[in-house]
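Can you build the whole structure from these sequences, using the hints too?
Numbering (the working numbering), first residue to last: 5 to 111.
Some clues are possibly wrong.
Stated by the list, open to error - What follows is a list of derived Cβ distance ranges for each label pair:
| # | residue 1 | residue 2 | range |
| --- | --- | --- | --- |
| 1 | Ser35 | Met7 | 31 to 37 Å |
| 2 | Glu40 | Met7 | 37 to 43 Å |
| 3 | Ser77 | Asp12 | 16 to 22 Å |
| 4 | Glu16 | Lys108 | 31 to 37 Å |
| 5 | Glu16 | Asp49 | 25 to 31 Å |
| 6 | Phe44 | Glu16 | 23 to 29 Å |
| 7 | Met107 | Glu51 | 56 to 62 Å |
| 8 | Leu86 | Ala111 | 20 to 26 Å |
| 9 | Asp29 | Asp90 | 28 to 34 Å |
| 10 | Asn84 | Lys55 | 36 to 42 Å |
To be verified - Calculated pairs, EDC-like style, for lysine to aspartate or glutamate (alpha carbon to alpha carbon, straight line, at most 16 Å):
| # | residue 1 | residue 2 |
| --- | --- | --- |
| 11 | Lys6 | Asp81 |
| 12 | Lys102 | Glu85 |
| 13 | Lys30 | Asp46 |
| 14 | Lys6 | Glu85 |
| 15 | Lys99 | Asp88 |
| 16 | Lys55 | Asp27 |
| 17 | Lys102 | Asp88 |
| 18 | Lys99 | Asp81 |
Don't read these hints as lab results, they were simulated from the structure. Keep in mind that this is a model prediction, so the values were computed, not measured. Just so you know, even glycine gets a beta-carbon here, dropped at the ideal spot from N, CA and C.
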Amino acid sequence: MKMARASDADIEAALTVCRILEDLDKRYMPSNDDSEDLEFFDRDDAEQCQKVVGMLLDATSQTSLFRVVFGMSVVLDPRNELLDPDADTIEIHPKIAKALEAMKDHA
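Given below as structure tokens:
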């Protein structure tokens with residue numbers, strides 16, 4: 005399957021969204037700057053929630069998170085035989101490894 009490749013900006017936005025969500029999951033209010041001041045997040049605080057939604061929208065306004073997530077889904081899809089479906093880590097598919105080894109033998 006072919007699809008558009010995620011740009012560096014797409015990946016950076018995805019990482020920013022992940023950081024924001026992980027901060028929230030840890031009950032911290034995400035910050036937009038390098039401030040070391042910690043503020044706890046209260047999901048019942050409408051003002052904090054509004055700020056978080058703004059941060060998420062700002063992070064993704066000029067990018068496509070879909071390209072990042074769907075692109076990885078395509079790479080991981082065992083039907084595409086790009087990655088080893090039996091490995092717990094990201095490793096090339098055994099068919100590709102075998103073909104590369106055969107190319108080395110004939111070089």
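Outcome of the hint check:
no.	hint	in the structure
1	Ser35 x Met7: 31 to 37 Å	holds (34 Å)
2	Glu40 x Met7: 37 to 43 Å	holds (40 Å)
3	Ser77 x Asp12: 16 to 22 Å	holds (19 Å)
4	Glu16 x Lys108: 31 to 37 Å	holds (36 Å)
5	Glu16 x Asp49: 25 to 31 Å	holds (28 Å)
6	Phe44 x Glu16: 23 to 29 Å	holds (27 Å)
7	Met107 x Glu51: 56 to 62 Å	holds (60 Å)
8	Leu86 x Ala111: 20 to 26 Å	holds (23 Å)
9	Asp29 x Asp90: 28 to 34 Å	holds (31 Å)
10	Asn84 x Lys55: 36 to 42 Å	holds (40 Å)
11	Lys6 x Asp81	holds (12 Å)
12	Lys102 x Glu85	holds (12 Å)
13	Lys30 x Asp46	holds (11 Å)
14	Lys6 x Glu85	holds (13 Å)
15	Lys99 x Asp88	holds (9 Å)
16	Lys55 x Asp27	holds (14 Å)
17	Lys102 x Asp88	holds (12 Å)
18	Lys99 x Asp81	holds (15 Å)
When held up to the earlier numbered hints, the structure conflicts with none and fits them all.
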